[in-house]
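Position chains B, C and D against the provided structure of chain A, taking the given hints into account.
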Amino acid sequence: MSREIGEVILDLKNVSLAFGGVKALTDISFDVREHEIRAIIGPNGAGKSSMLNVINGVYRPQQGEIILRGKHFSKMNPYKAARAGISRTFQNIALFKGMNVIDNMMTGRNLKIRSNLIQQALWWGPARREELEHRAKVEEVIDFLEIQHIRKTPVGRLPYGLQKRVDLGRALAMEPSILLLDEPMAGMNVEEKQDMCRFVLDINDQFGTTIVLIEHDMAVVMDISDRVVVLDYGRKIGDGLPDEVRANPEVISAYLGASH
Amino acid sequence: MLYRENGQFKTSYAADQQIFPIAQDRWAILGILVFAFIGIPLLGDEYLMRAILIPFLILSLAALGVNILVGFCGQITLGAGAFMAVGAYAAYNFHIRIEGLPLLVSILLGGITSALVGIVFGIPSLRVRGLYLAVATLAAQFFTDWVFLRIPWFTNNASSGSVSVSNLQIMGWEIITPFDKYMFCLVWLTVFALLAKNMTRSAIGRQWMAIRDMDVAAEVIGIRPLFAKLSAFAVSSFFVGTAGALWGFIHLSSWEPAAFSVDRSFQLLFMVIIGGLGSIMGSFFGAAFIVTLPIALNQFLPAIGGLFGVTISTAGVSHAELIIFGSLIIFFLIKEPHGIARLWSTGKEKLRLWPFPH
Amino acid sequence: MGFFIETLIGGLMAGMLYSLVALGFVLIYKASGVFNFAQGAMLLFAALAMARFSAWIPEWLGIDSLWLANVIAFFIAGALMYLVAWLIERLVLRPLVNQEGATLLMATLGIAYVLEGLGTSIFGTAIYKIDVGMPKEPVLILEGIFEGGLLINKEDFVAALIAAVLVALLTLFFQKTVTGRALRAVADDHQAAQSIGIPLNHIWVIVWFVAGIVALVAGVIWGSKLGVQFSLATVALRGLPVVILGGLTSIPGAIIGGLIIGVGEKLSEVYLGPMIGGGIEIWFAYQLALVFLLFRPQGLFGEKIIDRV
Amino acid sequence: MAVSRAMDTFPRLLFHHSRVRGDKTAMREKDLGIWQSWSWSDVAEQVSALACGLAELGFRRGDNLAIIGDNRPRLYMTMAAVQCLGGVPVPLYQDAVAYEMLFVMQDAGIRFALVEDQEQVDKLLEIKAQLPLLEHVAYDDPRGMRHYNQPFIHDIEALLAIGRIHIRNHPDFLGDEIAKGAANDIGVMLYTSGTTGKPKGVCLTHNAFISAAKGGVEFDRLTADEDILSYLPMAWVGDHLFSFAQAMVTGFTINCPESGETVMTDMREIGPTYYFAPPRVFENLLTQVMIRMEDASAIKQKLFHYCMKVARRCGADVLDGKPVPVADRLLYLLGTLLIFGPLKNVLGMSRVRVAYTAGAAIGPDLFRFYRSIGINLKQLYGQTETCAYVCLQPDGEIKFDSVGKPAPGVEVRIADNGEILVKGPMLLKEYYKRPDATAEAINAEGYFMTGDAGLFDDEGHLKIIDRAKDVGKLANGAMYAPNYIENKLKFFQYIKEAVAFGDSREMVCAFINFDIGAVGNWAERRGIAYSGYTDLAAKAEVYGLIQECIEQVNTELLHEGALADSQIHRFLILHKELDPDDDELTRTRKVRRNFVAEKYAVLIDALYSGKSSQFIETAVKFEDGRQGKVAADLQIRDIKTFPVAGRADR
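Residue numbers (the numbering used here), protein chains in the order written: chain A, -11 to 248; chain B, 3 to 360; chain C, 50 to 358; chain D, -13 to 636.
Just so you know, these hints were derived from the structure itself, not from any lab.
One or more of the hints may lead you astray.
With a straight-line cut-off of 25 Å between C-alpha atoms, the simulated SDA-like cross-links for lysine to any residue are [claimed, not checked]: (1) D:K295 x D:A168; (2) B:K199 x A:L99; (3) B:K350 x A:H137.
Same shape as in the complex, but just chain A (with noise of 0.2 Å):
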């Protein structure tokens, strides 16, 4: 491998965060560096999802910062996670259900165009070449997932695996620095998930792309991530090298728990 795990670029800080009197994270710290693949796992209800929304401010949490490239941020929302190059799937599709694949795909660039209303309503000069620009990105992201043949299909008519895959993409239309990957395998049959890994590391590996993971399937989990955070009923129970993670007793305890 080529790429050199970096320095610490994200790290949160005794994250607690409740909904109404119900505890979903309970003072939860840990770090992701730089162009790692970072797994959080945990059984259902573990608060994985609650962590990924915190993280791009979705959810603002009660206590605890978190310190984005030595920003240190008490609450994120997500425009402002999104314009700090931190950029997420959903783990029960959010596509936009009216557009096709490739407009899906553009709203990824937003945050690039520069043309005003105006202009774009005249569809002229800066507005117009914009969308050239961005339309050539998109297509490069498409070529790269590969799903050539349905970029002008409305999303609402595709299988769920390649709803998955086109998530996937408006993610990394983005061009993030950070992507946040809620469950990516979840309900796919064996060779999509194989695809969706080889994707993944595809994305770390060609761009650098710093990965935080949430997975399921822990032999996925085991093979493509870097580091692994365990979470159960919102507390952190593990935290390290997969190995590590799998020889945890506590971790095994959760697992076993969780009917493993």
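This is chains B, C and D only, laid out in the frame that chain A set:
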């Protein structure tokens, strides 16, 4: 069936992203424009222009505006009539208070004023959605109803409560005859439809649709709901406002606040629903449908009644109109929730696939 | 002070009627997720039926008793409302099941048009009187406490009383009867209710019927006060801010919201009106609701919406 | 640069086009959502850079370069670049697995390879140890190639870059190299598929392909404005002729699809004017058309079938410009508007002026379908050794069962044993390093022996009968081609399998298997009750039905000169269906003639001994694996044959 697309390949993104990528569509739209600009003025009579075509053109413009907000950005509004009123009265005030202000500028300023008011009434959309928002927009409606009825300044202290404009001209072209009015509205609509189409196919349009389809995901990829929603309110209100100004200035010449009542708001909403939410084309279909339906009913109902020996009074016709209208809305919602535009695009798709069914 | 309290009470009385309209909205929204814009049209339709039948019945049956004629007319109008509820469920709700809220809202606008058209073509467009023997004369009360006493409209008082009784009855119906409990179950969770064997379609008919009866009562009261005419349909528009304020899913919310709006309208009309011009009550109610929305988007008693990702 | 004006090699043709139509599009490829285009001058520039880059890596005159990948402009350009340097491109089938490639790579002594992508690089790495000669591998698509650090693996971009530097330093180099080239140099080496024995490298000269291409171009009046979809394997001679040689000769545009999955869509977009596909592609398309039409509404289906009836009646004549009644012509016009035009559009064939098919026999129904809806589909005949150029069907002279007339410049002769012999400029120079095979294939008079048996009909059209080695002789010495007869029989929908006998016998007899579906249907319509195949096979009515079919074949055979003696005299309907499970058919459903002859020897005897019936009992395997026996008393029928006129000719 009529489509022969072999050989229409695209060698650049510019060609691929044009509004009508299929040559046959380009020819069709060109044909329609030629007919509208040359054919109709040659063939149509004054009644047709005054009673059907001018209202159709202006309401199409308003429907475009409503569709931007409701269809593209997913923010339900029941207050479109209010923004027509704001546009009309603002343009009126600019027109009469500033000596020598060109007509075009007055109308545009009317639209801009409407856009500003639209932004103010769009603020609740940042906090509430769906049905709650629909009610919030009614607030705009009732507020403006009241303002233009009760605050004399806006009507230049007109004692009757009705205002009127005269001496409409653009660089020496006096807009007097129905033909003049038709041409003026047609040019205006053509330009604005193009602007609307451009917006909906560029970044701003995608922002609106993203907010409509999945607002959380939109925010996560860096779309600011504040900007997206308020810009939709502003652009929508601008379109609706200029339509209001045209309605007052060109179509009515003199009007009262009742011209822009809550019924007008509902009417505009029906246009975009029946025409097709989220479709530029749909706005035209909807406007055409709603403008022509009452006229058609007025023509045909008594005739049909006559066939069965029943005389249908004018009042009877208007009652029947309500019933038929309401039934049609329900029928459309059940049978084709995406409106005539969807029928159109399905039909087009069928023609492209012909003779295959799918 | 006395004048203020008088206004306040007047507002409360009017508010009670708003509550009644709002109640119709809430009932239907809770049970079928439909924001029923046709509530006003139902009100108009019911009132028209009541007004016309109470006039026709003495003619047809030769009954002299106004009271009896009214009772018969009330039952006929009630039956009509059942028919309306049944037709709506059959022709509109069932085909549109599982559609988005906005679609259903539009559908109710369609229903409103049909009902208005039907109502006026069957019953005519003139202004009709409903005389159910409501006392018209104003009374003075609490003369001991306030100087000059408080002038209360007896009719308003009776109306408020009827409204209160109706609300109480409905509450009982919901809490104590099997149908009522089924209704609540449906309101909580459509699918769950269906899976334990509650017939959704039947429930909808009942809810729309109940809403129809509420509309009928409200129509009778408004009608006897102002006469039955086309403009009654817009009364529903006055009910809207009430539901927004109270929360779409809350019956107490509808009542309290109605009272707040009623009082607010009257107070603003009396105290604010002279400053900025008359006729502000409609938009004032709306602005009140709007400002309120900004701080509490789900209304006073509505459930908080949590975004799940 | 100074290049000879003679246009007798492909590099010279290329630079000619870049001079006379430099701005015209030479190649397109659907990539990144649009059709990326290269003009002839772009191509010339890239080819120059590629050639110089290769030269810089050490590519020398006479070297062979393997090209492996899907149809990509860069791969076609590499062919030209290699030819510029006097080397020989050797395209390989891209879907072959590594060990299948090994033989060709070794045989051709490959030093350089240009491949499409990571997948192909991996294959080469897998067999690299067995390829000591292989020095350099370049790839076109960098996807996934980041970690391939081996010094002998190059990105094509890097190759282009060093090529461009080379051009700056040695501006005359390439011109000189091209000038050294001669028309008689080997232009390309294509490996035969090698159904028997190892593949052989067929060495074809520039002159051979240019002659073949020119002949075809003149024959069909192709121009520089044609568009062709290049989607068939580059290693196949047809693609080399159509997509490379003819494009180079005329200057028309080749279009590479985005991927295998999108060929249909890409075809619809491009709408080629010149199209080639093997019969199975046409067959699949037709099947799709029929299946999709089945979902159509009843009215539309009626309309479709009506229009197709009109098309069958007069479509081919309209296409050939023959006289057609006015009413039919109008109906056909209507059909074109409603059905044929749209159908061609969805098939991507609206603009097709000339379409060819070859490689296998095409069913007459299939062929007729395309022609009747106005697609000028024709057949051609040729081999790798003849640049796929021997016979072509001229416009307006289309016969379903012939492959047309000898192409311009080609001499065709039928040997005594029926074998087709051809001679012309398009012949191979030799088999690579196989003088023995070369000597075997080309006879003393310079004719190439195709190995196919054929005959010319009265109008000079060539008909392919069979593989020459399968052709036998009747007792009277007349030619006898069992496959040919069997295929004729099998064109009837009622006949599923047929086995003909006649080699060294005085007459031809046949076993028939009918199609249980079609005949069952037919029987039901006539109210004939039956319990199964064996039962139905014994019915006199069925015999009558089959007999009619065979009689028709006999009348056809009568007009086929040398085969007139092959008319079927007697036949029987087998009591069971021939079955791969009983080893009577191969798994690809070809009849095992010898096995069947042995197994049913008693039936054959009965056929030739003039009996009118014969009892037989046969062991069968049922689908569930059980063994069983089927017994029947088979009838044998005589069939009317027609006297052969002009027997004296032979």
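Against the structure, the hints:
{"no.": "1", "hint": "D:K295 x D:A168", "verdict": "violated (54 Å)"}
{"no.": "2", "hint": "B:K199 x A:L99", "verdict": "holds (22 Å)"}
{"no.": "3", "hint": "B:K350 x A:H137", "verdict": "holds (21 Å)"}
In terms of the numbered hints stated before, the structure departs from hint 1 and from no other.
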